[in-house]
Each structure stands twice: as C-alpha cells, then as structure tokens.
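Asks: Chains B and D, in that order, give the protein sequences. Every number in our numbering is 43 more than the matching position in the first sequence, counting from 1. Every number in our numbering is 43 more than the matching position in the second sequence, counting from 1.
Calculated from the structure, these hints are not laboratory results. Incorrect hints may appear among the rest.
When chains are identical, the list treats them as one kind, so a pair holds in a single copy or across two.
Keeping only pairs whose Cα atoms sit at most 20 Å apart, straight-line, the calculated DMTMM-like set for lysine to aspartate or glutamate is [what the hints assert, rightly or not]:
(1) Lys175 <-> Asp409
(2) Lys598 <-> Glu573
(3) Lys598 <-> Asp443
(4) Lys598 <-> Asp284
(5) Lys598 <-> Asp385
(6) Lys598 <-> Asp578
(7) Lys598 <-> Glu353
(8) Lys598 <-> Glu422
(9) Lys500 <-> Asp443
(10) Lys175 <-> Glu220
(11) Lys500 <-> Asp560
(12) Lys598 <-> Asp560
(13) Lys175 <-> Asp104
(14) Lys175 <-> Asp489
(15) Lys175 <-> Asp229
(16) Lys500 <-> Asp409
(17) Lys175 <-> Glu92
There are 2 protein chains.
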Amino acid sequence: MSATVESPTRYTVGVDFGTESARAVVVDLATGRELAESTSVYPSGVISEALPGSGVLLGADWALQDADDYLGCLTETVTRALAASGVPRESVIGIAIDATACTIVPTLADSTPLSRLVDYRDDPHAWVKLWKHHAAQPQADRINVLAATSDDFDLAPYGGRVSSEWLLPKTLQVYEEAPRIFERADRFIEAQDWITWQLTGVESHSAQAAGFKANFRVEAGGYASARALDSLAPGFSAVLDRLSTDFSAAGARVGSLVPSWADALGLPIGIAVATGSMDAQVSMVACDATAPGRMVLVMGTSICNLLLAETGIPVEGLAGVVRDAIVPGVWAYEAGQAGVGDMFGWFVRNSVPASYTERARELGLDVFGYLESLAGSVEPGRNPVLALDWWSGNRSPLADSALSGAVIGYSLATRPENVYRALLEAAAFGQRAIIDTFQGAGIAVDDIVACGGLPQKSPLFMQLLADITGREIQVSHSSQAGALGAAIHAAVAAGPEAGGFASLGEAGNALGGNRSDVYSPDPTATAAYESSYADYQELVTYFGSQNVGVMHRLKRRASDGIAAS
Amino acid sequence: MSATVESPTRYTVGVDFGTESARAVVVDLATGRELAESTSVYPSGVISEALPGSGVLLGADWALQDADDYLGCLTETVTRALAASGVPRESVIGIAIDATACTIVPTLADSTPLSRLVDYRDDPHAWVKLWKHHAAQPQADRINVLAATSDDFDLAPYGGRVSSEWLLPKTLQVYEEAPRIFERADRFIEAQDWITWQLTGVESHSAQAAGFKANFRVEAGGYASARALDSLAPGFSAVLDRLSTDFSAAGARVGSLVPSWADALGLPIGIAVATGSMDAQVSMVACDATAPGRMVLVMGTSICNLLLAETGIPVEGLAGVVRDAIVPGVWAYEAGQAGVGDMFGWFVRNSVPASYTERARELGLDVFGYLESLAGSVEPGRNPVLALDWWSGNRSPLADSALSGAVIGYSLATRPENVYRALLEAAAFGQRAIIDTFQGAGIAVDDIVACGGLPQKSPLFMQLLADITGREIQVSHSSQAGALGAAIHAAVAAGPEAGGFASLGEAGNALGGNRSDVYSPDPTATAAYESSYADYQELVTYFGSQNVGVMHRLKRRASDGIAAS
Numbered sequence: 044m045s046a047t048v049e050s051p052t053r054y055t056v057g058v059d060f061g062t063e064s065a066r067a068v069v070v071d072l073a074t075g076r077e078l079a080e081s082t083s084v085y086p087s088g089v090i091s092e093a094l095p096g097s098g099v100l101l102g103a104d105w106a107l108q109d110a111d112d113y114l115g116c117l118t119e120t121v122t123r124a125l126a127a128s129g130v131p132r133e134s135v136i137g138i139a140i141d142a143t144a145c146t147i148v149p150t151l152a153d154s155t156p157l158s159r160l161v162d163y164r165d166d167p168h169a170w171v172k173l174w175k176h177h178a179a180q181p182q183a184d185r186i187n188v189l190a191a192t193s194d195d196f197d198l199a200p201y202g203g204r205v206s207s208e209w210l211l212p213k214t215l216q217v218y219e220e221a222p223r224i225f226e227r228a229d230r231f232i233e234a235q236d237w238i239t240w241q242l243t244g245v246e247s248h249s250a251q252a253a254g255f256k257a258n259f260r261v262e263a264g265g266y267a268s269a270r271a272l273d274s275l276a277p278g279f280s281a282v283l284d285r286l287s288t289d290f291s292a293a294g295a296r297v298g299s300l301v302p303s304w305a306d307a308l309g310l311p312i313g314i315a316v317a318t319g320s321m322d323a324q325v326s327m328v329a330c331d332a333t334a335p336g337r338m339v340l341v342m343g344t345s346i347c348n349l350l351l352a353e354t355g356i357p358v359e360g361l362a363g364v365v366r367d368a369i370v371p372g373v374w375a376y377e378a379g380q381a382g383v384g385d386m387f388g389w390f391v392r393n394s395v396p397a398s399y400t401e402r403a404r405e406l407g408l409d410v411f412g413y414l415e416s417l418a419g420s421v422e423p424g425r426n427p428v429l430a431l432d433w434w435s436g437n438r439s440p441l442a443d444s445a446l447s448g449a450v451i452g453y454s455l456a457t458r459p460e461n462v463y464r465a466l467l468e469a470a471a472f473g474q475r476a477i478i479d480t481f482q483g484a485g486i487a488v489d490d491i492v493a494c495g496g497l498p499q500k501s502p503l504f505m506q507l508l509a510d511i512t513g514r515e516i517q518v519s520h521s522s523q524a525g526a527l528g529a530a531i532h533a534a535v536a537a538g539p540e541a542g543g544f545a546s547l548g549e550a551g552n553a554l555g556g557n558r559s560d561v562y563s564p565d566p567t568a569t570a571a572y573e574s575s576y577a578d579y580q581e582l583v584t585y586f587g588s589q590n591v592g593v594m595h596r597l598k599r600r601a602s603d604g605i606a607a608s
Numbered sequence: 044m045s046a047t048v049e050s051p052t053r054y055t056v057g058v059d060f061g062t063e064s065a066r067a068v069v070v071d072l073a074t075g076r077e078l079a080e081s082t083s084v085y086p087s088g089v090i091s092e093a094l095p096g097s098g099v100l101l102g103a104d105w106a107l108q109d110a111d112d113y114l115g116c117l118t119e120t121v122t123r124a125l126a127a128s129g130v131p132r133e134s135v136i137g138i139a140i141d142a143t144a145c146t147i148v149p150t151l152a153d154s155t156p157l158s159r160l161v162d163y164r165d166d167p168h169a170w171v172k173l174w175k176h177h178a179a180q181p182q183a184d185r186i187n188v189l190a191a192t193s194d195d196f197d198l199a200p201y202g203g204r205v206s207s208e209w210l211l212p213k214t215l216q217v218y219e220e221a222p223r224i225f226e227r228a229d230r231f232i233e234a235q236d237w238i239t240w241q242l243t244g245v246e247s248h249s250a251q252a253a254g255f256k257a258n259f260r261v262e263a264g265g266y267a268s269a270r271a272l273d274s275l276a277p278g279f280s281a282v283l284d285r286l287s288t289d290f291s292a293a294g295a296r297v298g299s300l301v302p303s304w305a306d307a308l309g310l311p312i313g314i315a316v317a318t319g320s321m322d323a324q325v326s327m328v329a330c331d332a333t334a335p336g337r338m339v340l341v342m343g344t345s346i347c348n349l350l351l352a353e354t355g356i357p358v359e360g361l362a363g364v365v366r367d368a369i370v371p372g373v374w375a376y377e378a379g380q381a382g383v384g385d386m387f388g389w390f391v392r393n394s395v396p397a398s399y400t401e402r403a404r405e406l407g408l409d410v411f412g413y414l415e416s417l418a419g420s421v422e423p424g425r426n427p428v429l430a431l432d433w434w435s436g437n438r439s440p441l442a443d444s445a446l447s448g449a450v451i452g453y454s455l456a457t458r459p460e461n462v463y464r465a466l467l468e469a470a471a472f473g474q475r476a477i478i479d480t481f482q483g484a485g486i487a488v489d490d491i492v493a494c495g496g497l498p499q500k501s502p503l504f505m506q507l508l509a510d511i512t513g514r515e516i517q518v519s520h521s522s523q524a525g526a527l528g529a530a531i532h533a534a535v536a537a538g539p540e541a542g543g544f545a546s547l548g549e550a551g552n553a554l555g556g557n558r559s560d561v562y563s564p565d566p567t568a569t570a571a572y573e574s575s576y577a578d579y580q581e582l583v584t585y586f587g588s589q590n591v592g593v594m595h596r597l598k599r600r601a602s603d604g605i606a607a608s
C-alpha cells in the first residue's frame, strides 16, 4: 500500500445518497480507513402515496423524492462526520458523492428543481423520480416492443430490455402525462449529477449513468435516434435537447467546491469535486476492483454484480455492458438479484413464530441471529425445503419482474429454520447462476469481493455463497463501500499534487484492499450442493420459462385484486 | 323423525377410540341429540420412542399403543358421561364402540393381549400397532411390487396399492422381525373388535375393517391366497390361521354386555353390543348417509371421503371400494386427503409472527380466529399466493406419501393471511379434485355432509369448500360424529323390540339428520376460482406426475439428513 508517507496525512469526504438516507465518511488517504461516518434520513423519505404539502395523491408504483432533501442531508452528514473525525479542515482535499440511479431530477437551466417552483410543486411529475418509481412500466413495455420489432433500438447490450426504472421510460411518462412539465424542464438529470452541480456550479454528467441507465452508447454514437424516439411518441425526440452530452469520466475533477457550500459544509473553498457516481458502481474502486476479472457483489436488500472485462459482448440475461463506465477503454458489466436481504427481512417479519421471538429474547439474540444459529445446524445438501428466491422477481438472468417466490418441500416436520435456510440457499443458487452465465459467455470471474451491509448481517449466507459457488468470497472491510468509493474518487479528482492519487486503479489499490473476512468453500459442502442446485435449476426452468404463465397470472391477480387489510 | 313417541325414551352409549383419547356420548333415541359426552386420554398415548416400563427403544416411524389403555378409558368415559347425562341406567338399551383402523392387537385365543404377558412385554411387536405405525413400509412396498408383477394380488379395488398402515404389511413385519411373537399370537385383531370381544365375551370381526384394511374381498373369495402370502415370505400364509373369518355386519348384535363390564360401566347386564366400527366409516350413519349418493367428509387433521354406490368399480386414485361395509349389498368407497387440519395447525404454530399473536390477544381472539378474519377479506380468486396442500403427502388421487407441500407467489407484499388462505384454498382444491374423480368415474355425488372438528374450527374453510366445489356443504350437528354413529349402531343392535331401530337406514334417518350449518356456494366466487383451480391442477401435474422426482428427492434428503435441532 503506497501513500503519501512523508507528507502530512490528507483526507477526502465521500457522501452516499441511498434510498432512505445519506451517509458521509471521512477517509484517511494513508490507510483507506474511514475515520468517521454520519447518516441523515431524508425528511420526506420515499414519497409514494401523496405529495408533501399539497397532499396530491400518487398512483400505484410511484416513488418520488424531494431534491432539497438531498441538500439538507448533505450539510448535516458532512458537518457531523467531519466533527466526529477530528480532522483539521485544511487537510481535506476533495469531496465526491454517489447516489441511487436511475433517479431523475427535472430542472431549469440554472439547476433549480421544478418542484421548488410554486407553479409546479403540486404536479407529481415536477418531483424527483426515484430509481424505484415503477409507474413508467407501460412506457418501458412500448420501448421493448419497438426494440423487438425494429432496428431503431439495439437493446442487446442491455440484455434485450429496458427497465421501467431507466431514463427513457421515466421521461416518456413525463412527456405523455405532463407535457407542461416536460416543456418547462430544461434538463432531466441524474441526482448524482445534480448534487455535484450544486457543489461546483458546473453542469456535468456522468458517462457511467448515461451508459447504464440512459441507453447512451459511446460505440453506437450516443443516445437513441430522434427517429426512434419520435416513433414512440411524436415529438418525444425533444428529450434529446434536455439531456446533456457533456460527460465526465469516473474520478475526473468536475470543478472546485464553491464558497457557499464550502461554508455550509465546513470545508476549504476550491477543493476538488469529482464526477458523481452510481451507488453500486462506485463500490468497485472501494473493493479494489479496477481491473478485469474481479467481481464485486454489492450486497444489501438486493445484490448488484459488477465486473470489468476487456471486451464487451452482449450476453442474454445480464442487465448491461457499458464501455468507459469505470475505467477508460474497459467494459463494465452489471447483473444482479432483485431481492435478497429484503427477502430475508420479509421472512423474519412475516414468518417467524412468537415462540422463536421469545426464545431469541431469552438467549439475548435478535431473531436474525437466532435463526442463523438454528439454520446453521442443517447439513449442507440435506435441507428438505427448496426455494426460488424471486420475492422481487428475477433480474438476472431472466429479467422478469412478474416472477415471484416459491417454497417447496413443506411437511409437518418443517421448521422455520428449514425455510429460512432454504431462502439463503436459493439466493446463493441464484448467484451461482449469474456467475455461471458470465463464465459461460467467456467473461472471466477470477475472484469475488463482497461489500454492503448483508455480509455483516448474515455470516451464514456468506458461507453458503462460498460453498454453493465453490469460490472464495472476500468481504470488504468497509461497511460503507459506496461512501468510501466516493471518497476515493475525490482523491483521484484532487490528484497527486494535492496529496491524492493519479488514477482510480492506483487509488483503489492503495485504499480499497482492506478486508474484514474471507469465506472459503468447504469442498464437501460444495459437492453436497450439486444435486440441490440441479433441482433449483429444474424449478427455474419450469417457473421461469417452460410455464411462466402460472406466476404471471398470480401477479396479475395481486394487482387486480384487493390486498388483505 | 320417527321414534318411540309413546314409549319411555330410550338411550344408547357410543364410545369412539381415537388416536390420543376415547370419548363417550349418551344419545337420546327420540331426537338423536347427545345428552352428555366425556373424554379420557390414554395414559401411554401414542408410543413412538420407547416402550413404557422397559424403555426399549423403537425405530423410526413406529407408533404403538397399550391395549389396556383402551379398557381403562372405556370405564372412565362411560361412567362419567352417564353421570353427566342424568339418564337412568335401566333406560340404556345398548352400547357400541368404534376405533381407529387399521390398529392391530396381537392376542392369545382367550383375547389376552400379548403385551400383558411378562414374557413378551419388552418386545415392541407384542404391543398394539396403531394405524399410523409406518415402519412396515418396506413390507408394503414388496406387496405392491408383487401385485404389480403377478396376478396373485388384485389391488385394483384399493386404487392399486396397499398402504403401510394396513394389516398385511403390519403382520408381515411381525412375521419377519419377531417370529416368536408371530408364533405366540393366536389372533391379529382390529382394536374395535378386540374391545367388543371384552364387552361380550364373543369374538367377532368387523366385515368393514376386513374389507378396507385387510384386503378381504367378499366378491373374490376372501383374503389373499396362501400362495401369494408365501411368495412374500415362505410360511407367511400362517397368518391366515390368525385372522378370523367370523364376520359380523355393521349394526349387527355381536352379543350381550357381560356382567363384569355392566358392573364396571354402570349399565344393565345383557344389553345389546353392536359390531365395532371403523372411526371414519361409523360417521356415515351419524350423517344419515346410508344410501348411495350422499358423500360424507370426516374432517379433522385429515379428511376422509366416504360414499355409497350401487356398483363397485375400481377407480384409480381412490383408496378403496368394499362391498357390504356399511349397508348390505351396497358398495362403500373411501378416499381422502392426508393432511388438512394438521397443515393449518402447522401454519399457526410455525409461520405466524409475534406481531400477529399480540394483535390477536389484544382483540381477544385466538390466532386461528384472527387469521380467519384477515384471510376472509381477501377476495375469491384474487389471492396472489397458490399452494399445494401436500404437507402429509397426497392420499387421493395420487396415493404418494413422498410428495410435500408447496407455496408459490411470494413477494414482499405477501402477508401471513395470504399464505393461510392459500392453504385453505389448496385443501379445497384438493377436495374438488377428489369429488371430480368420483363424478368422472360415473359415481354420483348428490350431496355432501361434513362432520368432525374442522367445520367448527374454520368456517372460512367451509365457505371456501362450498365456493370452490360449487356445492352446498351441510354440517352435521354432532361434534362427535364417531361416537354418535357408534350409539346409532347400538340402537340397531338393540332392535325395535327394545326401543331401538330395525336398520341402519332407519336409524340414520331418525337420528343422523341434525345439521348445525349449511354452507352454500356463492356463484360469483365459484366462477372466480375456476382459473385458480386450473393453476392448481398445473402444479399438481408438474409436481405430482410430470416431474415427481423433485419432491421425492427432497423427501429423501429429509430422511437421510439430520433435522435442524
């Protein structure tokens, strides 16, 4: 680990904007250690039922945020983290942020979010559309039909489909449902880029997000063509005037911290501000994964798989492959599982009997911990219960959000820990299927680093992941890999002359290599799981393709029907 | 309802020997009402781990009882019920019992159970083999292979298979594992017949049990042939010497109550004692189902379907068809679901979160009642969760105990009441499949009467059963249809001259027609469930036949593996 050993220690600040809250870390550039962290919850949270203030009701599947929540939380977390770190403000040389994506802010040319204007504040389309706003599904469906039936869209690099979460469906929804907002919006911009714009006064867009979420393809000459967009809705090509092509690469210096924000945050005026990043992708550098072959698993409510490769070939079942997204000239693949930690959480909240809750309390354990201890005593390959981990649908390799979870093998002898373990095993089987998809396409997966909150929450899941994939799983030392990654980007933006680093590769190597745990596969367990995995794959084939109608019909019943109160 | 209106009211006593306890009722022959009931739990219960006294350990799947427990409980329940009824002893004109079947007592020629003899008491094979003793599965498998590969056994009337619960596998296990016991046993006799023997001093065997459980076929000349039995194990044909062919029909008078038992029970010496009955079959008369076309559902931990018909044709998927079992000259069909009430109970014990348990308590409800109220608000045909009700395997129509339960359609929005309702719906779908199997074979199901504990426990299940089958379900007034049925048999054994009845048909008509509830199908709900039932059948086809291997492998893992502690 090389760092500026003889110079005074320098620090950067990284701020990660998640779904519910923002968190800031202060990172020591000599060691990569986070000296302090602070979290701040968005006052309006995820807005899914009614607009704050006006009370205007939202439809099903809407998910908005208030852009100004980001700014308030930015100030709160950074000032708190700095105070807790004890670091002198003069030794901080840069700041960078990352955020969820695709999360879109409609703004004026001067960056004012439309929701801040009194004339627009009671129109839901003036607000930030959060990544998990799924109300543009009809628009996404039409884009997918267009891509399947014409040459105007090539979705092969995106596994053949756009998600309703991405930029084009979201902006098409605005265009069709709120033409007044569409007209007034000078920009549709990712939250990460909008916040960076505030800090620097410079509008710049992340090439990374444009590639992964806005269907911008360097190798194909840019965004979708005007002809294609107009064929979706006449005049929709006007969206191109509202999307920037002024891109900056990951780790680049967008500008300098403006005095007003330096004052608000308690940081030096003019320090480097790096390009904003996507919250998953930014973890790669925090895991020292800036060269081909090292797969990063960002593990939380869902799992995001990220992998760099020398070549970019479209692979069915992977969510996207984008050039230059992390490292210039290198392709970045994304894939993932839609629901993992949230499925485990669902089980604990909805399926653990009172007798277990009481026993856990007697033992001084939380329910998760108690289940882990019980489920850990089931032998590998001997669990009579088998599950499909599709509580939130399947992202990779089936890309079908209308699939649902399944559990088979129930008997009167089945205990809650059998089912809990079956869910962990199913999630690990799902990971194996993704890794096998990469390997089967000739994309090397040399080693695996996990980050996010789940590895600390479920050591049993980590061991199952190692056993079932037959691979060693390293766990990043950082519990805030997003914010750490942003801080590393800031160190690159600051550059060696200021005490930072010359490249993401060098910085990742110096600062991202800390590991808290390594899970090694037990060869006996790996062998024992072969037949269970074959059974899992049989269910995947039946429910995921052969007879996909059963789960699709169930999903429709749920959305047509009235939920139990 | 005709009864002895001008004569003084007469009464009979019925005693039902269940799996865990015996219960007695005193029945008013003018109205069919039970005046009093009393329950007595067997001191040794179900013996499945070690023999009482000696502590000799039992193997997996063993289930024994102590024959003397029956006698103690007989005295206790009858004396208590009589006292509670206030009926004068002189007005009681008969007694009869029913018991679980196939439950086999090995005895000496004088009826002494071998387990009462000090020389044999530490040999498990000397004890009563309870109906759910499943350790003779290897013997059952061999009989099924023999039936499939030779003409020596015709199992067509039994759906093509013997169950490990039946007499031949159980006695073959004794022959092979404990030849000393087999040699010493003068009789292998059903518990119902053994208890009746005690009351009368007369050894007589129920034609009903012989037909349903001992493969005795009137129309084919009796038990299996000596040649067939010897081909299972040389010398096993000696079992024929140990099985009586001295049969008595349902409702016949076996003999008179002997003085010692009259004294013990507080009943008149010499009153009529009827042929013992099987606990499910005896319910038919208690539901006034003594003519073809009225199906009886005996609903508890499992559901037993019973139906009389003019013709007896073997139907694949039904558990048995026996002539003369209930009414002379008429065929009785049996089918059923292996696990229903116990599946619901499993869910309540293993899958209802502490938050629900607490909320139920606040509302003053038990957890069952709270779940019923929540699940009742899910609209018919709108439940996004679908289940297979095979927690204890499938009895009819698949006859595969190695199948297991399944639930599909889980999402983060799934609530416990969705899953609970899915289990109720699946059990009702399973009933529809059975009824459709009868109808499809040309065996008329004109109306349906339910008895047992489940109708009172889950009114929601009863309504779903009506909606999903599209049929009216009448519910017997009696909560103890077994014991009531036995008391009606006693009234027929006593005969009209003593104040009883001339036939089971007449007695059933007079005493078995009381109903507590009638559930009528809602045509809208029936229509709404059509597509859900089609989906259920798709899963049945996949897991029950097309790809039966998945669940079979899971079951093997369970029995090979070590269960979670």
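Asks: Run every hint past the structure and note whether it holds.
Replies: Now for the hints, and whether the structure bears them out:
1. Taking the shortest Cα distances, Lys175 and Asp409 never come within 20 Å of each other, neither inside one copy (29 Å) nor across copies (39 Å).
2. Taking identical chains as interchangeable, the C-alpha atoms of Lys598 and Glu573 lie at most 20 Å apart only when they sit on different chains, with a minimum of 17 Å there against 31 Å within one chain.
3. Taking the closest pair of Cα atoms, Lys598 and Asp443 come within 20 Å of each other only inside a single copy of the chain (12 Å); across copies the shortest separation is 30 Å, beyond that limit.
4. Taking CA atoms no more than 20 Å apart as the test, Lys598 paired with Asp284 passes in neither setting, with 38 Å inside one copy and 61 Å between copies.
5. Taking CA atoms no more than 20 Å apart as the test, Lys598 paired with Asp385 passes inside one copy only; the shortest distance there is 19 Å, against 29 Å between copies.
6. Taking identical chains as interchangeable, the C-alpha atoms of Lys598 and Asp578 lie at most 20 Å apart only when they sit on different chains, with a minimum of 13 Å there against 24 Å within one chain.
7. Proximity of Lys598 and Glu353 under a CA criterion of 20 Å is satisfied in neither setting, with 40 Å inside one chain copy and 46 Å between copies.
8. For the identical chains of this complex, Lys598 and Glu422 are inter-copy neighbours only, at 15 Å across copies versus 34 Å inside a copy, given an alpha-carbon limit of 20 Å.
9. Taking the closest pair of Cα atoms, Lys500 and Asp443 never come within 20 Å of each other, the shortest separation being 27 Å inside a single copy and 40 Å across copies.
10. Taking the shortest alpha-carbon separations for Lys175 and Glu220, only the intra-copy value of 18 Å comes in at or below 20 Å, while the best inter-copy value is 65 Å.
11. When the C-alpha separation of Lys500 and Asp560 is checked against a cutoff of 20 Å, the pair qualifies only within one copy, where the shortest distance is 13 Å, while the shortest distance between copies is 52 Å.
12. Taking the shortest Cα distances, Lys598 and Asp560 never come within 20 Å of each other, neither inside one copy (39 Å) nor across copies (35 Å).
13. For the identical chains of this complex, Lys175 and Asp104 are intra-copy neighbours only, at 8 Å inside a copy versus 51 Å across copies, given an alpha-carbon limit of 20 Å.
14. For a Cα distance limit of 20 Å, the shortest separation of Lys175 from Asp489 qualifies neither inside one copy, at 32 Å, nor across copies, at 54 Å.
15. Proximity of Lys175 to Asp229 under the C-alpha cut-off of 20 Å is found in neither arrangement, the shortest distances being 23 Å within a copy and 76 Å between copies.
16. For a Cα distance limit of 20 Å, the shortest separation of Lys500 from Asp409 inside one copy, 11 Å, qualifies, whereas the shortest one across copies, 34 Å, does not.
17. Taking identical chains as interchangeable, the C-alpha atoms of Lys175 and Glu92 lie at most 20 Å apart only when both belong to the same chain, with a minimum of 14 Å there against 54 Å between chains.
Figure legend: structure checked against the earlier numbered hints; hints not met, in rising order: 1, 4, 7, 9, 12, 14 and 15.
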